[in-house]
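Engineer: What follows is each chain in one-letter form.
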Amino acid sequence: MNTATAKPRLTTSAMIASIAAEGQRTKPAPFGHALVELARSRPEVLGMTADLGKYTDLHIFGAAFPDRYHQMGMAEQLLMGAAAGLAHEGFMPFATTYAVFASRRAYDFIHQTIAEEDLNVKIACALPGLTSGYGPSHQATEDLALFRAMPNMTVIDPCDAHEIEQVVPAMAAHKGPVYMRLLRGHVPLVLDEYDYTFELGKAKVLRDGADVLIVSSGIMTMRALEVAKELEADKVAAAVLHVPTIKPLDTETILREASRTGRMVVVAENHTVVGGLGEAVAGLLLRSGVTPVFRHIGLPDEFLAAGALPTLHDRYGISTSVMTERIKGWL
Amino acid sequence: MDTTPLGHNVALSERAYRIRRNAVRMGEVQGQGYIGQALDIADVLATAYFHAMRYRPEDPEWEERDRFLLSNGHYAIALYAALIEAGIIPEEELETYGSDGSRLPMSGMAAYTPGMEMSGGSLGLGLSIAVGIGLGLKRKNSTSRVYTLFSDGELDEGSVWEAIMSAAHWKLDNLIGIVDVNNQQADGPSTQVMAFEPLVDKLEAFGWHVQRINGNNLDAVVAAFDTARGDVGPKPRMIVCDTRMGCGVPFLEAREKNHFIRVDAHEWQLALDALDAGRTA
Ligand SMILES: Cc1ncc(C[n+]2csc(CCOP(=O)(O)OP(=O)(O)O)c2C)c(N)n1
Ligand SMILES: [Mg+2]
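If you read the protein sequences in the order shown, they are chains A and B.
Each residue of the first sequence is one higher than the last, beginning at 1 in the numbering used here.
Each residue of the second sequence is one higher than the last, beginning at 1 in the numbering used here.
Next up, chain A with everything else stripped away, as it sits in the complex (with noise of 0.2 Å):
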């Protein structure tokens, strides 16, 4: 161990950490904030959580509506069931714990007790992706491929505060169970420069350009937007298809997109390559007989290491600069 290194090392981020780059707009609790919004006309909201309301901005509807808020403890499988029950007698719970714990030990919970019953519960799970230097009991790199094998699950994964402040309403106004990928703290704010507005189903160009199309969803839309004006300096014109609806996704607008001629199909996805955006857009396009030339960058399919986010972005090529280098070497 060499401890005379003047340069310090990089840390574990905290618990609380947010994944917004230093110096980027962000915006405080998005999803708190709109769920108090949308609360105030919709008393059959209620607020959930196992033991993570300070974790997943909850703890602002639970300040805004005391009485509204369910402090179920830390036990998972509780908390869906009871969502469940409470769906059951007419109301509309936002449930809220970490992507791993929802996925993985609520999942036979969520799949009997609220997707099999088409129950009207909203799931909201922080920590989505690679997005903890906790090592893999907090990196919930495979939520995307469970929720969209499960039926009956609609599944958001939302860019950034901008978008998760539309999100919310939205599930609302869908009937049925939601699985929202979310993130929290002070969240980094990109789209309000896009003209963007999110709609349930549907993907959206955030730009365009001729030679590569980037298909992307979560933070990764954030980080396709950086590559593609890093390509731009090189004279590559890159689109960004956002895809933020894993489930259902919109066939008609990525068929059309990867259907344009000459342009290399990109997947981009926080999240393993098995079973999530870059392997359901690939069986989309191979059924419909499209056939670009196609690539996929995502989590590789193992156990990740723990350390701090930056070097494990870099490390598993989905930071800004491993993507851009990676689509030049394809090109």
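If you're looking for bench data, these hints aren't it; they were derived computationally from the structure.
Every residue gets a Cβ at the ideal spot worked out from N, C-alpha and C, and that includes glycine.
Check before you lean on any hint, since a few could be wrong.
[As the list claims (entries may be wrong)] Among the chain A residues that face chain B by a calculated CB cut under 7 Å, a handful are:
{"id": "1", "residue": "12"}
{"id": "2", "residue": "51"}
{"id": "3", "residue": "64"}
{"id": "4", "residue": "112"}
{"id": "5", "residue": "135"}
[Stated by the list, open to error] Chain A is nowhere near these chain B residues, computed Cβ spacing over 10 Å in every case:
{"id": "6", "residue": "14"}
{"id": "7", "residue": "56"}
{"id": "8", "residue": "100"}
{"id": "9", "residue": "114"}
{"id": "10", "residue": "119"}
{"id": "11", "residue": "140"}
{"id": "12", "residue": "141"}
{"id": "13", "residue": "199"}
{"id": "14", "residue": "209"}
{"id": "15", "residue": "220"}
{"id": "16", "residue": "226"}
{"id": "17", "residue": "253"}
{"id": "18", "residue": "264"}
{"id": "19", "residue": "274"}
{"id": "20", "residue": "277"}
{"id": "21", "residue": "279"}
Following the hints, complete the assembly by docking chain B with the ligands onto the known chain A.
Structural biologist: Chain B with the ligands only, in chain A's frame:
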């Protein structure tokens, strides 16, 4: 390693002091974290590693060792502090805590650290594993024990009660559970987040031998470990430890209780000074 004979709690208090000191030095590397917990559990770990447990520092996988499961993986900072004091991890490594490439990640994982028997970042798993280890040790006619440290927040998880019922069913007298009742979890005081009292009555009703002690009183901790290792019948044993977060550093004890605390840069030295002031050896 030979266990320290009874009546040597002065030496144990020095061990506890050094465990606390190691933990504070690791906390400084991150600037924040689970310091309150490390300080509250140091006396229990000192007793486990320097009074009760059988192990060989140079051979952490020695077949005859007692197993120690850290179910509450975020307490890794505390266990690393004890493993350093036990000579299983070199002291220099504490400067790498939670850093890239370190063997000491923020959340304890078996694959990273010698002496770490399980990966515990997802809470509520330890006692289930302990049931399997307890059964496995009996199958092998081993005299080793399995200790499992878990937290009061973990009492909320259904899986913990499945294991509690099972351990009694299988009469696992080689299993010693230790629950840290620091009355804190992520969203607030544990007793308010989810009422779990009367804990002793519940555990006894589930068929366990139960002791409830002040987990920051070394004599009480030693006595409880001795009783748990003695003949109390064909039952698993639980030591319920009431602890004070930040114990040993008065200004941290007094600070508003929090699961994950921030400590200002200049306060780390003050914390070390406070430990020195309370050192009894
Ligand atoms: C299954 C699971 N659910 C939720 C979490 C998130 N979490 C991490 S620590 C914690 C509080 C657990 O209570 P406790 O260990 O008593 O907290 P402490 O005493 O350390 O403050 C929670 C909810 C987790 N790690 N695992
Ligand atoms: Mg606790």
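Engineer: Quick check: which numbered hints come out false for this structure?
Structural biologist: 3, 4, 8, 10
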